[in-house]
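2 protein chains.
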Amino acid sequence: MKRLFQIFLYLCFRKLLMARNIEFNEEVAIQKAMNVFWEKGYYATSMRDLTDAMKINSSSLYNTIGDKHQLFLKCIDHYIEVKKKNLTERIIEGKSPLRILEDFLHDSVTAIANDSNPCMVVKTAFEVAQKDKTVQLLLQKDTTFTHSFLVDLIEKAVASKEMNIHTTPAILADFLISSFSGWYEMYLINKDPQQIKSIAGYIIKQILK
Amino acid sequence: MKRLFQIFLYLCFRKLLMARNIEFNEEVAIQKAMNVFWEKGYYATSMRDLTDAMKINSSSLYNTIGDKHQLFLKCIDHYIEVKKKNLTERIIEGKSPLRILEDFLHDSVTAIANDSNPCMVVKTAFEVAQKDKTVQLLLQKDTTFTHSFLVDLIEKAVASKEMNIHTTPAILADFLISSFSGWYEMYLINKDPQQIKSIAGYIIKQILK
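Chains A and B, in that order, give the protein sequences. At position 201 of the first sequence the residue is numbered 201 (my numbering), and the sequence of numbers has no breaks. Quick note: to get my numbering, add 1000 to the position in the second sequence (first position is 1).
What the hints contain is simulated information worked out from the structure, not anything from laboratory work. Please note that the accuracy of each hint is not assured.
Think about it this way: if two alpha-carbon atoms lie no more than 25 Å apart in a straight line, the pair counts; the simulated DSS-like pairs of lysine-lysine are [unchecked claim]: (1) A:K197 <-> B:K1074; (2) A:K205 <-> B:K1156; (3) A:K133 <-> B:K1141; (4) A:K40 <-> B:K1084; (5) A:K131 <-> B:K1197; (6) A:K133 <-> B:K1197; (7) A:K131 <-> B:K1156; (8) A:K84 <-> B:K1191; (9) A:K191 <-> B:K1131; (10) A:K191 <-> B:K1133; (11) A:K40 <-> B:K1074; (12) B:K1161 <-> A:K205; (13) B:K1131 <-> A:K197; (14) B:K1074 <-> A:K68; (15) A:K141 <-> A:K156; (16) B:K1032 <-> A:K191; (17) A:K197 <-> B:K1133; (18) A:K205 <-> B:K1032; (19) B:K1040 <-> A:K40; (20) B:K1131 <-> A:K32; (21) A:K131 <-> B:K1032; (22) B:K1083 <-> A:K191; (23) A:K40 <-> A:K83.
Could you put together the complete structure from these sequences and hints?
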């Protein structure tokens, strides 16, 4: 009986330890896998690339997270959550809505013109979303959040007479979101930071005038 | 001697026939391979997908065109040439530069909002150009041509006082080229034709006012 109780305790304790261990590893491992997918794209990434980066073997990967597609969904979700956090942190008390909007646009230009790897959401839209409904809906969640963030800022900037727009806040927000992809594509093709800055400068001047 | 002459004649004739055959097949085959790459992307396309579509075996493919990468370059080049022809044909005598520009923008919106498969140049920019200098330079050739086409129209429209722009023709052309990618991305994510029409409508109104 005592022996049975010892085994029972060991199993409970082991399960608890494993759960903690998996939880910790999963977060770190997903971040690492995300970087591989972000760099190479979905199809060019092999299971070997992923297990090497995550420092786990493929059976552990299948048992904890699942297959390549399930891991990719978790990576996209993680990327979107980080983006969301970045947007939320931009709402700083005392800073005017127009200033937050301007800073966001300028930071986006700087990020594009200084990094050879485009936004993972944009890359994934072109590589995977067309054929993959689950991925498409995940990206839609991201765009919807960014859209609300921008509409809210534009509405507040208009209400406080900081900004005078020539369309609805919803169309202006869609226009800005769609502009980012264009800047990324231009940079991928021409590798000319000044070109992106000029296009963005023109857009910012147009919407703020 | 007669036998040698017969062999010589046979070889010449065979070479001529093969050359014609390869020439004919190559054009059709590249068009078919292009459609596969355009649909599936570079990495998700297998050699089997290509040889099935082209209706040739892999050794014939290697002997005539080369490997997957060489075939892809030919497909991209073919796609770009078709795009170039489409642009060139838009210059119609008697049609004003502004009208050609407007028609081009409206046709682009219609194409995006009615086709689930985005422009092959834009898809390739995000999937391949980042890591592949040869592909990047091919896409640059395409962008440079479209840029010249737009700058020329804008300059003529400004000179004839049809249009009043608030930046240089070069920046406006870059802005328009970069806008297309954004419209494609938006459509891939939200599948909402009306959204693309609204963004494009806003842009067209902004640049033409």
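Results of checking the hints against the structure:
1. A:K197 <-> B:K1074: Judged against 25 Å, a Cα distance of about 33 Å means the pair is violated.
2. A:K205 <-> B:K1156: Distance ~24 Å between A:K205 and B:K1156 Cα, so the pair holds.
3. A:K133 <-> B:K1141: violated (33 Å)
4. A:K40 <-> B:K1084: This hinted pair is violated, its Cα atoms lying about 30 Å apart.
5. A:K131 <-> B:K1197: Given that 25 Å is the threshold and the Cα spacing comes to 23 Å, the pair holds.
6. A:K133 <-> B:K1197: holds (23 Å)
7. A:K131 <-> B:K1156: violated (42 Å)
8. A:K84 <-> B:K1191: holds (22 Å)
9. A:K191 <-> B:K1131: Holds, at about 12 Å.
10. A:K191 <-> B:K1133: Between A:K191 and B:K1133 the Cα gap is close to 11 Å, so the pair holds against 25 Å.
11. A:K40 <-> B:K1074: Holds, because 23 Å separates the two Cα atoms, which is no more than 25 Å.
12. B:K1161 <-> A:K205: holds (23 Å)
13. B:K1131 <-> A:K197: Holds. B:K1131 to A:K197 sits at ~23 Å (cutoff 25 Å).
14. B:K1074 <-> A:K68: violated (31 Å)
15. A:K141 <-> A:K156: With Cα atoms ~23 Å apart, A:K141 and A:K156 stay inside 25 Å; holds.
16. B:K1032 <-> A:K191: Answer violated: B:K1032 to A:K191 is near 31 Å, above 25 Å.
17. A:K197 <-> B:K1133: holds (23 Å)
18. A:K205 <-> B:K1032: Violated: A:K205 and B:K1032 sit about 45 Å apart, past 25 Å.
19. B:K1040 <-> A:K40: Status holds; Cα separation ~16 Å.
20. B:K1131 <-> A:K32: Holds, because 20 Å separates the two Cα atoms, which is no more than 25 Å.
21. A:K131 <-> B:K1032: Holds: A:K131 and B:K1032 sit about 20 Å apart, inside 25 Å.
22. B:K1083 <-> A:K191: With a Cα-Cα distance of about 22 Å, the restraint between B:K1083 and A:K191 holds, given a limit of 25 Å.
23. A:K40 <-> A:K83: holds (20 Å)
The structure is inconsistent with the numbered hints 1, 3, 4, 7, 14, 16, 18, although it conforms to all the rest.
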